[in-house]
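Going down the list, the protein sequences come from chains A and S. For what it's worth, numbering that gives the first Met the number 0 labels the leading residue of the first sequence as 0, then goes sequentially. For what it's worth, numbering that gives the first Met the number 0 labels the leading residue of the second sequence as 0, then goes sequentially.
Think of the hints as simulated: they come from the structure by calculation, not from any bench. The reader is advised that the hints may include incorrect statements.
One copy or any two copies: either way a pair holds, since identical chains are not told apart in the list.
No more than 30 Å apart at the CA atoms, straight line, and that leaves these computed lysine-lysine pairs for DSS-like [claimed, not checked]:
hint, residue 1, residue 2
1, Lys137, Lys16
2, Lys55, Lys137
3, Lys16, Lys55
4, Lys25, Lys115
5, Lys48, Lys25
6, Lys16, Lys115
7, Lys55, Lys115
8, Lys48, Lys137
9, Lys48, Lys16
10, Lys55, Lys25
11, Lys115, Lys48
There are 2 protein chains.
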Amino acid sequence: MGELLIGADHGGFTLKKALVEHLRRKGIAVRDFGCHSEESCDYPDTAFKVAAEVAKGHRGVLICGTGIGMSIAANKVRGVRAALCHDERTARLSREHNDANLLALGGRTTDVELAKRILDVWLSTSFAGERHGMRVGKITSYEAAQ
Amino acid sequence: MGELLIGADHGGFTLKKALVEHLRRKGIAVRDFGCHSEESCDYPDTAFKVAAEVAKGHRGVLICGTGIGMSIAANKVRGVRAALCHDERTARLSREHNDANLLALGGRTTDVELAKRILDVWLSTSFAGERHGMRVGKITSYEAAQ
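Given these sequences and hints, build the entire structure.
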């Protein structure tokens, strides 16, 4: 899979730290886009940086307090399909049905251990293609027409 | 608030029906963009139609199986901030912090009674502005630069 990209704002900083450790323990290379403290920062800044790299063919994780701000901002980037997941089932479905290349998580809404399981499922699930591919294609076509 | 727009795919059809009844019982005008059965259809078609209207100044609700496909597609539309909410707290925060003008819900992941409470909180909560306004402004600036 290559390097996994990760970024957060202050509301996601603690969860990001835990997930970076979790990933490195599993031998997965991680590129950390910050933030590097709980000092207040603006989620769109990190979202656009990580999403621009994801659009080039990487996969990424973005964390803010609820994951909502990150998912809104990241989905503005052409080629990015950011899925806000709050359990393992939605993580699996976001890969199978939506071919999500970016996982959004809520640092203040999702427990650290659950977030690790969500991330593991998300990383190990493949896109199902077929009718889902046709639907994802409609999103790509919309983006191309803008 | 004026008319509320609502749309779903086959995975969100049943929940949409329940929410339309709930809203009309509360005296809220609803414009229903379909689908009108459980027959398989493509979520991006409905997402782009509803989102285009939301971008003109309305508020809307989009429902697919998980809400993920709808939130990805709707956020592609300039001026739309689609929040996937799975409880009342994230519904409140999506209005206070993200000024979400579109609520995405999972018809197969969120219980009908919980979805009604999520929708009620989402409709009755105001944007908090201030630092959150500056952050939303960064999303709007990104969109304008595309």
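When no copy is specified for Lys25 and Lys115, does a C-alpha distance of 30 Å or less occur within a copy, between copies, both, or neither?
within (11 Å within a copy, 41 Å between copies)
Indicate which option fits the pair Lys55, Lys137 if close means a Cα-Cα distance not exceeding 30 Å: within, between, both or neither.
both (19 Å within a copy, 22 Å between copies)
Using 30 Å as the alpha carbon limit, work out where Lys48 and Lys25 are close: within a copy, between copies, both or neither.
within (25 Å within a copy, 43 Å between copies)
If the cutoff is 30 Å on CA atoms, where do Lys55 and Lys115 land: within, between, both or neither? Let me know, please.
Within. Shortest intra-copy distance 25 Å satisfies the 30 Å Cα cut-off; inter-copy 39 Å does not.
Is it within, between, both, or neither for Lys48 and Lys16, if the alpha carbons may be no more than 30 Å apart?
Within. Shortest intra-copy distance 18 Å satisfies the 30 Å Cα cut-off; inter-copy 39 Å does not.
Please work out whether the CA atoms of Lys55 and Lys25 approach to 30 Å or closer within one copy, between two copies, in both situations, or in neither?
within (24 Å within a copy, 47 Å between copies)
Intra- versus inter-copy proximity for Lys115 and Lys16 (alpha-carbon distance at most 30 Å):
Within one copy only: 11 Å inside, 35 Å across.
Status of Lys55 relative to Lys16 across identical chains (alpha carbons, at most 30 Å)
within (24 Å within a copy, 40 Å between copies)
Intra- versus inter-copy proximity for Lys137 and Lys48 (alpha-carbon distance at most 30 Å):
both (25 Å within a copy, 13 Å between copies)
When Cα atoms must be at most 30 Å apart, do Lys115 and Lys48 count as within-copy, between-copy, both, or neither?
within (23 Å within a copy, 36 Å between copies)
Are the CA atoms of Lys137 and Lys16 at most 30 Å apart within a copy, between copies, both, or neither?
Between. Shortest inter-copy distance 25 Å satisfies the 30 Å Cα cut-off; intra-copy 36 Å does not.
Checked against the numbered hints above, the structure breaks none of them.
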